[in-house]
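Next come the chains, spelled out residue by residue.
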Amino acid sequence: AQSVAQPEDQVNVAEGNPLTVKCTYSVSGNPYLFWYVQYPNRGLQFLLKYITGDNLVKGSYGFEAEFNKSQTSFHLKKPSALVSDSALYFCAVRDGRAGTALIFGKGTTLSVSS
Amino acid sequence: NAGVTQTPKFQVLKTGQSMTLQCAQDMNHNSMYWYRQDPGMGLRLIYYSASEGTTDKGEVPNGYNVSRLNKREFSLRLESAAPSQTSVYFCASSESDRGASGGPQHFGDGTRLSIL
Chain A
68 AQSVAQPEDQ VNVAEGNPLT VKCTYSVSGN PYLFWYVQYP NRGLQFLLKY
118 ITGDNLVKGS YGFEAEFNKS QTSFHLKKPS ALVSDSALYF CAVRDGRAGT
168 ALIFGKGTTL SVSS
Chain B
310 NAGVTQTPKF QVLKTGQSMT LQCAQDMNHN SMYWYRQDPG MGLRLIYYSA
360 SEGTTDKGEV PNGYNVSRLN KREFSLRLES AAPSQTSVYF CASSESDRGA
410 SGGPQHFGDG TRLSIL
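Residue numbers (the working numbering), protein chains in the order written: chain A, 68 to 181; chain B, 310 to 425.
Same shape as in the complex, but just chain B (with noise of 0.2 Å):
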């Protein structure tokens, strides 16, 4: 099974250039989630999208955009990138909550970004 799948595994930017991470699960979950992994920070909230159609701020959403191109497809683009965005990047997939359930979240195996 694939699960969630993360295309670049690696990238190398410039200051200012732009790029669209890209994700992908075949679970059929609703929910789907962008992170970011810094040394000694934890991973931190980006942008999530509860169901297909819908997408929220999370935590550090400043200098990024997300698409929900269709229920398995979720992008993450950095318009004009900055060195401060050098970092890992996590997507992840989690069932809806329903009622008080909480469903484990699926991550793929990231993207290293690095921006010079």
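The following block holds chain A by itself, in its conformation from the complex (with noise of 0.2 Å):
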């Protein structure tokens, strides 16, 4: 079955440095793997997927993501971390067995602080 972890609860940065939000994923087949990002009392907004091709995915509002085969890895990275980037963040997977649908991970709380 397809799954993805997020293996952290909470991810701390101050403003200006880089910030990683880590996944790891576990499919039969070719990942489909996809970031979502999610604002207070929002719906979830679609940053970036990998479908196939390069291994370094560019999304939106300058987050980027690394595909990495070997380690099963799909982590999400911006160089500079910005106050408005705290957010909730979740990596998905297509989930094989219901059409486009997308199969979750729990979330990671990113806070960016000044």
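Accuracy of the hints is not assured; some may be wrong.
Residues of chain A clear of chain B, computed beta-carbon distances all greater than 12 Å [stated by the list, open to error]: (1) Val-80; (2) Ser-93; (3) Asn-108; (4) Asn-122; (5) Gly-129; (6) Val-150; (7) Lys-173.
List time: in silico DSBU-like cross-link candidates among lysine-lysine, alpha-carbon distance up to 30 Å [unchecked claim]: (8) A:Lys-144 / A:Lys-173; (9) A:Lys-125 / A:Lys-136; (10) A:Lys-116 / A:Lys-136; (11) A:Lys-173 / B:Lys-323; (12) B:Lys-318 / A:Lys-116; (13) A:Lys-144 / A:Lys-125; (14) B:Lys-366 / B:Lys-380; (15) A:Lys-116 / B:Lys-380; (16) A:Lys-173 / B:Lys-366; (17) B:Lys-318 / B:Lys-366; (18) A:Lys-116 / A:Lys-144; (19) A:Lys-125 / A:Lys-173; (20) A:Lys-144 / A:Lys-89; (21) B:Lys-323 / A:Lys-136; (22) A:Lys-89 / A:Lys-136; (23) B:Lys-323 / B:Lys-366; (24) A:Lys-173 / A:Lys-89; (25) B:Lys-366 / A:Lys-116.
In short, the hints are calculated from the structure, not lab data. All C-beta atoms, glycine included, are put in the ideal place defined by N, C-alpha and C.
Dock chain to chain to rebuild the complex, using the hints, since each chain is given by itself in its own frame.
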């Protein structure tokens, strides 16, 4: 069965520092991986996806993610964090049994301090 | 652009009451989904509709029913609400899967449901 894991409940970084939010996956077949962000009292917003091709995927708001097949990881990164990046981040993988539905990790709260 | 619209935004029910959560999208997407979000558990798929006229169970379908009314609208019904169904419910839509591509899902802002 497909699954993703986000090993950190919370990540704290100072503004201007690089940030990494970790995600590992377990899939049968090719992984279709996604990152979403959720701000308080809002729905999830799409950041980026990996389907195939380059291992470094660039997305919205300056975020990027690195796909690593050997480590089964898909970590979200940003070179310089902003206070406005503080939010809840979800990694997700396509659920091969349910069309294009997604299986989500439990989420990681990112807190960026000024 | 409205995107995905969910109504109501908040609702309080008593145990045993029924209600329908409404969802509509204006992006001409074929696929629609209902998820529930609970603290520390991420989002879990309740039901999905790959295309108009079809619906299928997801990971946690018990206690829920759905109707794909037309291409735009996908409703979720709680027939007899239970406290365990207290949650935030999200509707999402996406383009149909064609070949190997995976389109991103677009989410509504959620319905916060509390069952006493």
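Against the structure, the hints:
no. : hint                  : result
1   : Val-80                : holds, 22 Å
2   : Ser-93                : holds, 15 Å
3   : Asn-108               : violated, 7 Å
4   : Asn-122               : holds, 17 Å
5   : Gly-129               : holds, 18 Å
6   : Val-150               : holds, 23 Å
7   : Lys-173               : violated, 5 Å
8   : A:Lys-144 / A:Lys-173 : holds, 18 Å
9   : A:Lys-125 / A:Lys-136 : holds, 17 Å
10  : A:Lys-116 / A:Lys-136 : holds, 15 Å
11  : A:Lys-173 / B:Lys-323 : holds, 28 Å
12  : B:Lys-318 / A:Lys-116 : holds, 29 Å
13  : A:Lys-144 / A:Lys-125 : holds, 10 Å
14  : B:Lys-366 / B:Lys-380 : holds, 18 Å
15  : A:Lys-116 / B:Lys-380 : holds, 25 Å
16  : A:Lys-173 / B:Lys-366 : holds, 21 Å
17  : B:Lys-318 / B:Lys-366 : holds, 24 Å
18  : A:Lys-116 / A:Lys-144 : holds, 13 Å
19  : A:Lys-125 / A:Lys-173 : holds, 23 Å
20  : A:Lys-144 / A:Lys-89  : holds, 9 Å
21  : B:Lys-323 / A:Lys-136 : violated, 48 Å
22  : A:Lys-89 / A:Lys-136  : holds, 14 Å
23  : B:Lys-323 / B:Lys-366 : holds, 25 Å
24  : A:Lys-173 / A:Lys-89  : holds, 12 Å
25  : B:Lys-366 / A:Lys-116 : holds, 25 Å
The structure does not agree with the numbered hints 3, 7 and 21 stated previously, though it agrees with the rest.
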